[in-house]
Amino acid sequence: MLRTDEILSTIQMLHAEHLDVRTVTLGLNVNDCAASSVDNVCRKLREKIIRRAANLVRTCDRVGAKYGIPVTNKRLAISPAAHLLAGHGLGAALQVARALDEAAKECSINLVGGFTALVHKGISGGDAVVMESLPQVLSSTQRVCASVNVASHRAGINMDAVRQMGDILLKIAAATSAQRGFGCAKLVIFSNIPEDNPFMAGAYHGEGEAEATINIGVSGPGVVGSALHRRLQLGGPLTLGDLAEEIKITSFRVTRVGELIGREVAAELGIPFGIVDLSLAPTPEVGDSVGEILRTLGIEKIGAPGSTAAVAMLTDAVKKGGAFASSSVGGMSGAFIPVSEDAALADAAAKGHLTLEKLEAMTSVCSVGLDMIAIPGDTPAETIAAIIADEMAIGVMNNKTTGVRLIPVPGAKPGDFVEFGGLFGSATVMDIRNAGASAAFVRFGGRIPAPIQSLRN
Amino acid sequence: MNTRFEHAYVLNVMADDRPGIVAAVSGVIVALGGNIDACSQTVLGGYFTQILVVSFPQTVAPEELTARVQKAAPPGGALQVAARPYVAPATPVSCGATEKFVITALGKDKPGIIHRFSQYLAGKDINVVDLYWDGAGEDFVLTAQVEIPKRWEIGMLQADLDEMGREEGFNVRVQHENIFVATNQLRLTGGHR
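Line order of the protein sequences matches chains H and R.
Its first residue numbered 1, the first sequence is counted upward by one per residue in my numbering.
Its first residue numbered 1001, the second sequence is counted upward by one per residue in my numbering.
Warning: the hint list may mix true and false statements.
Stated by the list, open to error - Dumping the calculated DSS-like pairs for lysine-lysine here, alpha-carbon to alpha-carbon at most 25 Å:
{"hint": "1", "chain 1": "H", "residue 1": "Lys358", "chain 2": "H", "residue 2": "Lys400"}
{"hint": "2", "chain 1": "H", "residue 1": "Lys413", "chain 2": "H", "residue 2": "Lys320"}
{"hint": "3", "chain 1": "H", "residue 1": "Lys66", "chain 2": "R", "residue 2": "Lys1124"}
{"hint": "4", "chain 1": "H", "residue 1": "Lys66", "chain 2": "R", "residue 2": "Lys1100"}
{"hint": "5", "chain 1": "H", "residue 1": "Lys400", "chain 2": "H", "residue 2": "Lys319"}
{"hint": "6", "chain 1": "R", "residue 1": "Lys1150", "chain 2": "R", "residue 2": "Lys1108"}
{"hint": "7", "chain 1": "H", "residue 1": "Lys351", "chain 2": "H", "residue 2": "Lys400"}
{"hint": "8", "chain 1": "R", "residue 1": "Lys1150", "chain 2": "H", "residue 2": "Lys66"}
{"hint": "9", "chain 1": "R", "residue 1": "Lys1124", "chain 2": "R", "residue 2": "Lys1110"}
Keep in mind the hints are simulated off the structure, nothing from the lab.
Using the sequences and the hints, build the whole thing.
Structure representation (structure tokens):
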């Protein structure tokens, strides 16, 4: 029998603090859709997606209603499109992307990830097609999301790919200049890309995965923030250890919600359950912010000294709570700090408290990286590549995932305000100090070798 | 349920709450050589109530059991006691296979809400196994742990209760109990592991 206080605390978490299941993402291997004719590729893709995903939205809604918790996004992540596009050209890439876009729309799926190239050691024919097609693909489709893995702790950093991505980001921004470079928000450049991440834009279905899996992303910065507030209001002598414990317990509860929903959706669809990813993924709504958690932890101005330590504690406590709640934790599992998508972070950036350099430091201990950051549209390609390289170095040296989602806003200068709308929020364009001053480093190209695994000081 | 001894009784005790009631009741059972097989008690608004299943190797007349417990009352007032022979129910009263859900409602308090709410549940063969109500302030909180026959579509029940909530001025939710187990307890939720 349940106790009344247990029932009421769950009701508080689900309804007053707006806990939702952020995403149910169907991972699908589409390698069997390869064909020599692109028309056949598209036909097979469409058939397979509709066969496997047609009931996804309905099932999520039904399971969500049974437990009284909404599943906000239903998404699809395919195996890397680069495999399908081997032996094809740019025209085929665009056609495949449009087929994906339409199939997702037909299944009422709001985003489809996996327009992906894995180039951490070198660029294959299919990868090159994916990368070169990105400006056109991301400007002419709505739902397609892309990712490019340019570095790994085993391969090092492919600086040729990094340099290319600097150029490509500017081209995507130009192709979507009417939307202030918004196409770049649908592309993540990774080191150590996870194969089972359910969160967009970086979700793809990895090579080691089953034919199809259901992966769950739960979030809940609001729930964690409220739990900390309540703990602080109780008063008494509190240490950071106590607050970390509170975050851990809350993360446990949230992760259990995700696993419950995920397993039931998977069972109903007859698809194996993959992982649950508890990541504090903020939205622009007030109260759903990682930045607010940092403020609650005593960082008055986000970006002030102590911010990195606070993010480290938060990320670690979230991981520990998640790992105890489920034996199937995967994906990112930590705290995201996407600047435009988090009202408090966006505010700190606008006031100049949060700089690119401090964000970079914080990403060395958060679960992703430089995420949703607006930069001036005239930033040189080599400088964008150098920013990517720095972030990749953090991932490679620390054996963790890092990602870059930069938006060079065409025509925008530092301090300009940019609105992306909806979940993508708004941001103030950040200043890039010393732009152009690392061009020679980037132009060397080649590969930064994989780091030594011993002598770790 | 299984009882330790052959002769089992259901015993119900109500009293002004104070120290010593549980000791008094259990003392009588021990003195008669019996065993407490199950017990549930609660205190509400300063009143104590307890329901027990007790068993003895020999028969004990319910009237005698009642009298002995009454006599054992600790200082501070009488115990209201009732006893009857325990007969295990053959099948649960609710119809067919059921699933456990929790219904919660919050809103402005006024007379008749529990009645209207429970009448609706009764009409659907929904068994209430635990009910909590707090209407001390202007607002009320209701939680009901219920067994819902599998033949009902949860969305339909939710829609009906939403309609009632609109009329009476409360918010109501029907949720499977596993969401509460998952968020509060370390045990596994049944079904999909």
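Now the hints, each set against the structure:
{"no.": "1", "hint": "Lys358(H) x Lys400(H)", "in the structure": "19 Å, holds"}
{"no.": "2", "hint": "Lys413(H) x Lys320(H)", "in the structure": "41 Å, violated"}
{"no.": "3", "hint": "Lys66(H) x Lys1124(R)", "in the structure": "18 Å, holds"}
{"no.": "4", "hint": "Lys66(H) x Lys1100(R)", "in the structure": "11 Å, holds"}
{"no.": "5", "hint": "Lys400(H) x Lys319(H)", "in the structure": "13 Å, holds"}
{"no.": "6", "hint": "Lys1150(R) x Lys1108(R)", "in the structure": "31 Å, violated"}
{"no.": "7", "hint": "Lys351(H) x Lys400(H)", "in the structure": "30 Å, violated"}
{"no.": "8", "hint": "Lys1150(R) x Lys66(H)", "in the structure": "12 Å, holds"}
{"no.": "9", "hint": "Lys1124(R) x Lys1110(R)", "in the structure": "24 Å, holds"}
Violated hints, listed in ascending order, are 2, 6 and 7; each of the other numbered hints is respected by the structure.
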